[in-house]
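Engineer: Letter by letter, the chains look like this.
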Amino acid sequence: DGGITQSPKYLFRKEGQNVTLSCEQNLNHDAMYWYRQDPGQGLRLIYYSQIVNDFQKGDIAEGYSVSREKKESFPLTVTSAQKNPTAFYLCASSSPRQGAGTEAFFGQGTRLTVV
Amino acid sequence: RKEVEQDPGPFNVPEGATVAFNCTYSNSASQSFFWYRQDCRKEPKLLMSVYSSGNEDGRFTAQLNRASQYISLLIRDSKLSDSATYLCVVADNTDKLIFGTGTRLQVFP
Chain A
1 DGGITQSPKY LFRKEGQNVT LSCEQNLNHD AMYWYRQDPG QGLRLIYYSQ IVNDFQKGDI
61 AEGYSVSREK KESFPLTVTS AQKNPTAFYL CASSSPRQGA GTEAFFGQGT RLTVV
Chain B
1 RKEVEQDPGP FNVPEGATVA FNCTYSNSAS QSFFWYRQDC RKEPKLLMSV YSSGNEDGRF
61 TAQLNRASQY ISLLIRDSKL SDSATYLCVV ADNTDKLIFG TGTRLQVFP
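Protein sequence lines correspond, in order, to chains A and B. In terms of the numbering used here, the first sequence opens at residue 1 and continues consecutively. In terms of the numbering used here, the second sequence opens at residue 1 and continues consecutively.
No lab work stands behind these hints, which were simulated from the structure alone. You may find that some hints are simply not true.
Taking lysine to aspartate or glutamate and the EDC-like style, the derived pairs with C-alpha atoms no more than 20 Å apart in a straight line are [unchecked claim]:
#	chain 1	residue 1	chain 2	residue 2
1	A	K70	A	E24
2	A	K57	B	D92
3	A	K71	B	D95
4	B	K45	A	D38
5	B	K96	A	D59
6	B	K96	A	E72
7	B	K42	A	E103
8	B	K96	A	E62
9	B	K2	A	D59
10	A	K70	A	D30
11	B	K2	A	D38
12	B	K45	B	D82
13	A	K9	B	E43
14	A	K57	B	E3
15	B	K45	A	E103
16	A	K57	B	D95
17	B	K96	A	D54
18	A	K83	A	E62
19	B	K45	A	E24
20	B	K42	A	D38
21	A	K9	A	E24
22	B	K42	A	E24
23	B	K2	B	D95
24	B	K96	A	D30
25	A	K9	B	D39
26	B	K96	A	E103
Covered stretches of chain B, going by a simulated chain A footprint (3 or more residues, C-beta under 8 Å) [what the hints assert, rightly or not]:
#	segment
27	42-54
28	90-100
Beta carbons: idealized from backbone N, C-alpha and C, even for Gly.
Please model the entire structure based on the sequences and the hints provided.
Structural biologist: Below you can see the structure in the form of structure tokens.
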């Protein structure tokens, strides 16, 4: 089945460690996104990529890094510079559809907890 | 001013009620508009796209007003299962997706 897969579902990190969240899609979508969601809050854009080997910062990119070496993969690294990384991380992908716009599909999310 | 703004709610309504959500966006070059539904601790899922002519899907009606830069979602005959957070999403002319913070709906018996 076509879809977008995030792993792991739950992740625990010690303070000072870098961790990488995986996001893979087999929908042949050009664009991929990473969002962060805190309890009771909306989605905030961390990074997005509209084409391989290119990506742009979103509203809260500090303390995060990404790469887009392959169309189907967009991993997010949460670095030790991110002061408050505990959150729900959502990856999405999209591709403009003629006459219908850019519907996005989401992975099931990764819950990151700093211990 | 936020790029996409929604009333966070919560909206508490009885079963059978009609409820309406509004969303405003700041970028007049925005191209595409959507409503997503997010259940607690789950990922958002597309509820419906919003077209200039307005569109309806069962009990749900979405409308777009480009001149005033707002979109709306109307839910008729609310069900308990409609309880969720409803996210307004706008894609700009580069297809970058911007999410509103969501409006929480709680339908009670």
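Engineer: For each hint, tell me whether it holds in the structure or not.
Structural biologist: Structure-based check of each hint:
With a C-alpha separation of about 10 Å, the suggested pair A:K70 and A:E24 falls inside the 20 Å cut-off, and the hint holds. For the hint pairing A:K57 with B:D92, the CA-to-CA distance comes to about 15 Å; that is within 20 Å, so the pair holds. For a cut-off of 20 Å, the pair hint linking A:K71 to B:D95 stands: about 17 Å separates their Cα positions. In summary, the hint linking B:K45 to A:D38 is supported, as the alpha carbons are separated by about 18 Å, within the 20 Å threshold.
Restraint check for B:K96 and A:D59: satisfied, since their Cα atoms lie roughly 12 Å apart, inside the 20 Å limit. Restraint check: the Cα-Cα separation between B:K96 and A:E72 comes to about 18 Å, which is no more than 20 Å; the hinted pair holds. Of the supplied pair hints, the one linking B:K42 and A:E103 holds, its CA atoms being roughly 18 Å apart against a limit of 20 Å. As the CA atoms of B:K96 and A:E62 are separated by approximately 19 Å, the hinted pair is consistent with the 20 Å bound.
Between B:K2 and A:D59, the direct Cα distance comes to roughly 11 Å. Compliance with the 20 Å bound is thereby established for this hinted pair. As the CA atoms of A:K70 and A:D30 are separated by approximately 10 Å, the hinted pair is consistent with the 20 Å bound. Restraint check for B:K2 and A:D38: satisfied, since their Cα atoms lie roughly 18 Å apart, inside the 20 Å limit. Restraint check for B:K45 and B:D82: the C-alpha separation of about 13 Å stays at or below 20 Å, so the hint holds.
With a CA separation close to 12 Å, the supplied pair A:K9 and B:E43 stays within the 20 Å bound. For a cut-off of 20 Å, the pair hint linking A:K57 to B:E3 stands: about 16 Å separates their Cα positions. Taking the CA atoms of B:K45 and A:E103, the gap is near 10 Å; set against the 20 Å cutoff, the hint holds. Taking the CA atoms of A:K57 and B:D95, the gap is near 15 Å; set against the 20 Å cutoff, the hint holds.
Under the criterion of a C-alpha separation no larger than 20 Å, the hint pairing B:K96 with A:D54 is consistent with the structure, at around 14 Å. Under the criterion of a C-alpha separation no larger than 20 Å, the hint pairing A:K83 with A:E62 is consistent with the structure, at around 9 Å. Using a Cα cut-off of 20 Å, the hinted pair B:K45 and A:E24 holds, with the two alpha carbons roughly 18 Å apart. The hinted pair formed by B:K42 and A:D38 meets the criterion: a straight-line CA distance of about 13 Å does not exceed 20 Å.
The suggested pairing of A:K9 with A:E24 holds, with an alpha-carbon distance near 13 Å, which does not exceed 20 Å. A hinted pair counts as satisfied when its Cα atoms are at most 20 Å apart, and B:K42 with A:E24 qualifies at roughly 18 Å. Restraint check for B:K2 and B:D95: the C-alpha separation of about 18 Å stays at or below 20 Å, so the hint holds. Using a Cα cut-off of 20 Å, the hinted pair B:K96 and A:D30 holds, with the two alpha carbons roughly 12 Å apart.
For the given pair, A:K9 sits about 17 Å from B:D39 by alpha-carbon distance, which is consistent with the 20 Å threshold. The suggested pairing of B:K96 with A:E103 holds, with an alpha-carbon distance near 11 Å, which does not exceed 20 Å. For the segment 42-54 of chain B, the stated coverage by chain A is satisfied: 6 residues place a CB nearer than 8 Å to a CB of that chain, which reaches the threshold of 3. Counting residues of the segment 90-100 of chain B whose C-beta lies closer than 8 Å to any C-beta of chain A gives 8; at least three are required, and the coverage claim holds.
Violated hints: none; the structure is consistent with every hint.
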